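Student: Here is how the chains run, residue by residue.
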Amino acid sequence: MMRIPFSYIWRSLWARRLTTGLTIGGVALVVFVFAGVLMLARGLEATLVESGSPDNAIVLRRSATSELSSQIDRATADVIEADAGVARGAEGRPVLSREVVLVIDLYKKKSNALGNVSIRGVSSRALELRPGVHIVQGRPFQFGTHEVVVGKSIASQFKGVTLGAELAFGGDRWSVVGITDAGGTAFDSEIWGDADQFMQAFGRPVYSSLTFRLADAGHFDQFKARLQADPRMQYVELKHEREYYKEQSQTLATFIRILGLVVTTIFSFGAMIGAMITMYAAVANRTVEVGTLRALGFARRSVLGAFLLESVVLALVGGALGVALAALLSFARISIINFQSFSEIGFGFALSPGVVRSALLFAVVMGVVGGFLPAVRAARLNIVNALRAS
Amino acid sequence: MKLMRLIFKNLFRHRLRSALTILGIATAVMAFGLIRTIVGAWNAGVTGAAANRMITRHRVSLIFPIPLPYRDEIARVPGVTAVSWANWFGGVYGEPNDFKNFWPRFAVDPDTYFDLYPEFQVPPDQLAAFRKERDACIVGRKLAQQHGFKLGDVITMEGDIFPGRWQWVVRGIYTGRDPSTDETQMFFQFAYLFEQVRQREPGRPVDAGFYILRVGSSDAMARVAAAVDTQFVNSRAPTKTESEREFQQSFVQMSSAIITSLQVISVVIVAIILLVLGNTIVMSVRERTREYAVLKTLGFSGRHLVALVLGEALVISLSGGVVGLLLTFPVVKGFSKALPTFFPVINVAPLTIALGLGAALLAGLAAAAIPANRVVRTPIVIGLRTVG
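Note that the protein sequences, when read in sequence, are chains G and U. Under my numbering, the first sequence has 348 at position 317, and the numbering climbs by one with no breaks. Under my numbering, the second sequence has 148 at position 144, and the numbering climbs by one with no breaks.
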């Protein structure tokens, strides 16, 4: 079977520039929205999942859905800290941070509305546990004082959280002595200070969670089993830190995906219909051409293939354009409430090879579906009638 | 009249194309309607807020409780006619990752809460039964429908903020007074929460989550807010008092990024309508270049030809708009069935219908502009010579 040369397809598209352009535009818009939604969900997941380190584990109260609703008392913390499953640092001290997570309200710069901000009280090992968190401005806070460091996402989104500023919460004033950069993870959206100071200020006797480095990541399951067997540990749950953060992203990411996919599915109908209209018109206008091709000896299947390919090319160009538009979104950052932690989390649109693949595949599907019926019509044209058409 | 006939004749020349275009516009208008409705549903809490209610909460954040004795002090503030309180319970019902298993659960004061919320209508005998039993609860009609809760059923869940296993007996089902009333909430006695936590976690204080205030008139709100907040400014738990509307607004604000992106998407939709329709009109006009030249020769003026092109575009776009809006209703219904508790109140607003039609109309006008211009400008001789 002889194939119709690709240049024919290309020239046909070019000959009807305006219509081709409009159809490509339609596909591009749909792919843009599709890719944008996927990038948003990816960005959120990446932000949260990257917050957890594979070597770390977190202890929460059983069935707590987030650190906010979790409580760990001092006695429990002492028992876990003494366990051999916790890694020891240079001086033989456990690499473990007893933390308390709370939420305070601050005014947002842009809308002047109140936004919820997570504050995390930590112990001295917190930075060692999270090597991704760096102080980029100022200095680390001193333990035993009312000093805090602020994530860069908070510093850029909220009013009055600059270096040297004072924040009022928990019946006290806290001075901002540093800005942290956590490489785009959830810690960028947190304020850190001394756990004991926070607990005192808020009159809270218990911690929220314990995060520690595993002495041996391979022995996680044994550690977990050991805790479960201990009658004093019946109310706590041990999780991989990554696992915990992945769970934190689930509700919001699923919501963004569902909403986005419902909308783009509806949109894609519009784009497919656009492609279909264009291709039907192409077939109708080129009836004589199709007749000529057939008379020259091209098989029905070649004609079908050529028209289908034309539609796919149309959709792919649109898809590429849509992805290119969506790529511009990676410069944008948004901050939104994560109801699981009841606080704002800043994240961006993350373009990944997977997103590009899905978006282009989506475009091809639209092209095939939109082009199939018109291509069948072209292939079924009768040679004599087609040649005679005016 | 003649023109109308011509327009319709033209429409029916490429039946498939016209039908496809109408369908394309209809889907886009439907998406537009759906998105506007979702944005509206997001704001439902604000729309449903009563004009005479205020909320007092902890100044630092809603997550911190405020002491119970505040109640009497708030009640003494001039302008306040009634006070009640509630606690967010949280909790995990069934499979935690299923949206359907999430709904708001509040511990409330059984004696005053429903007086402050007349829009939650509970039959008097059910309310009396609810007040009598410590572990009783009242659920919304929609919530009951969705999970099949009936009077006398037991609801069990795992606590997160208040750990342990919790159980309630359904003693009442409330219905909403207005279409904007949320029928997916669950209420149980604050005293039950208080006593259970005492037992389970001795030493853990249980305070009020937030207070709900009724004021005599909405003019008094600013004064009441100032009076309440000044009273507690130097205490252990300073407060923030605001109207219920502002309180609800702050929740909407938290998700403002999603709303903004939805609004961007709805503009994109209008662009898609324009492209689909524009494509069809451009094609039709190109194919008919010679005919228009003939019409001109016969003495039809430019105005007539513009009317022809514009008329065809408008008939298509408005039909698409009407079909799309008709489709919006079942789709919204399906959507609310799929995620009943996520958007407790979801209605297609009249403004959405008007805007949907407006978008279709605008797209019709815009799509016809360039082709109509081209028809008028093409000299007769060139038009006649065109090979389609």
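Be aware that one or more of the hints could be misleading.
[To be verified] Calculated cross-link-like contacts (lysine to aspartate or glutamate; reagent style DMTMM-like; alpha-carbon spacing at most 25 Å):
1. G/LYS190 x U/ASP233
2. G/LYS141 x U/GLU250
3. G/LYS270 x U/GLU250
4. G/LYS190 x U/ASP102
5. G/LYS140 x U/ASP102
6. G/LYS277 x U/GLU205
7. G/LYS183 x G/ASP104
8. G/LYS190 x U/GLU99
9. G/LYS277 x U/GLU99
10. G/LYS140 x U/GLU205
11. U/LYS104 x G/GLU76
12. U/LYS104 x G/GLU197
13. G/LYS255 x U/GLU250
14. G/LYS141 x U/GLU295
15. U/LYS104 x G/GLU320
16. G/LYS270 x U/GLU246
17. G/LYS270 x G/ASP227
18. G/LYS140 x U/GLU246
19. G/LYS139 x U/GLU162
20. G/LYS277 x U/GLU250
21. G/LYS270 x U/GLU205
22. G/LYS139 x U/ASP157
23. G/LYS139 x U/GLU205
24. G/LYS270 x U/GLU99
25. G/LYS255 x G/ASP104
26. G/LYS270 x G/ASP104
27. U/LYS154 x U/ASP102
28. G/LYS255 x U/GLU162
29. G/LYS139 x G/GLU159
30. G/LYS141 x U/GLU248
31. G/LYS270 x G/ASP86
32. G/LYS139 x U/GLU248
Source of the hints: derived by calculation from the structure; they are not laboratory data. Being a predicted model, the structure only gives us computed values, none of them experimental.
Student: All the hints need checking, so say for each whether the structure fits it.
Tutor: Hints versus structure:
no.	hint	verdict
1	G/LYS190 x U/ASP233	holds (22 Å)
2	G/LYS141 x U/GLU250	holds (18 Å)
3	G/LYS270 x U/GLU250	violated (39 Å)
4	G/LYS190 x U/ASP102	violated (36 Å)
5	G/LYS140 x U/ASP102	violated (35 Å)
6	G/LYS277 x U/GLU205	violated (30 Å)
7	G/LYS183 x G/ASP104	violated (31 Å)
8	G/LYS190 x U/GLU99	violated (39 Å)
9	G/LYS277 x U/GLU99	holds (17 Å)
10	G/LYS140 x U/GLU205	violated (41 Å)
11	U/LYS104 x G/GLU76	holds (22 Å)
12	U/LYS104 x G/GLU197	violated (43 Å)
13	G/LYS255 x U/GLU250	violated (46 Å)
14	G/LYS141 x U/GLU295	violated (57 Å)
15	U/LYS104 x G/GLU320	violated (57 Å)
16	G/LYS270 x U/GLU246	violated (40 Å)
17	G/LYS270 x G/ASP227	holds (24 Å)
18	G/LYS140 x U/GLU246	holds (21 Å)
19	G/LYS139 x U/GLU162	violated (35 Å)
20	G/LYS277 x U/GLU250	violated (33 Å)
21	G/LYS270 x U/GLU205	holds (24 Å)
22	G/LYS139 x U/ASP157	violated (45 Å)
23	G/LYS139 x U/GLU205	violated (37 Å)
24	G/LYS270 x U/GLU99	holds (18 Å)
25	G/LYS255 x G/ASP104	holds (18 Å)
26	G/LYS270 x G/ASP104	holds (18 Å)
27	U/LYS154 x U/ASP102	holds (21 Å)
28	G/LYS255 x U/GLU162	holds (21 Å)
29	G/LYS139 x G/GLU159	violated (31 Å)
30	G/LYS141 x U/GLU248	holds (23 Å)
31	G/LYS270 x G/ASP86	holds (11 Å)
32	G/LYS139 x U/GLU248	holds (21 Å)
Violated hints for the displayed structure, listed by number in ascending order: 3, 4, 5, 6, 7, 8, 10, 12, 13, 14, 15, 16, 19, 20, 22, 23 and 29.
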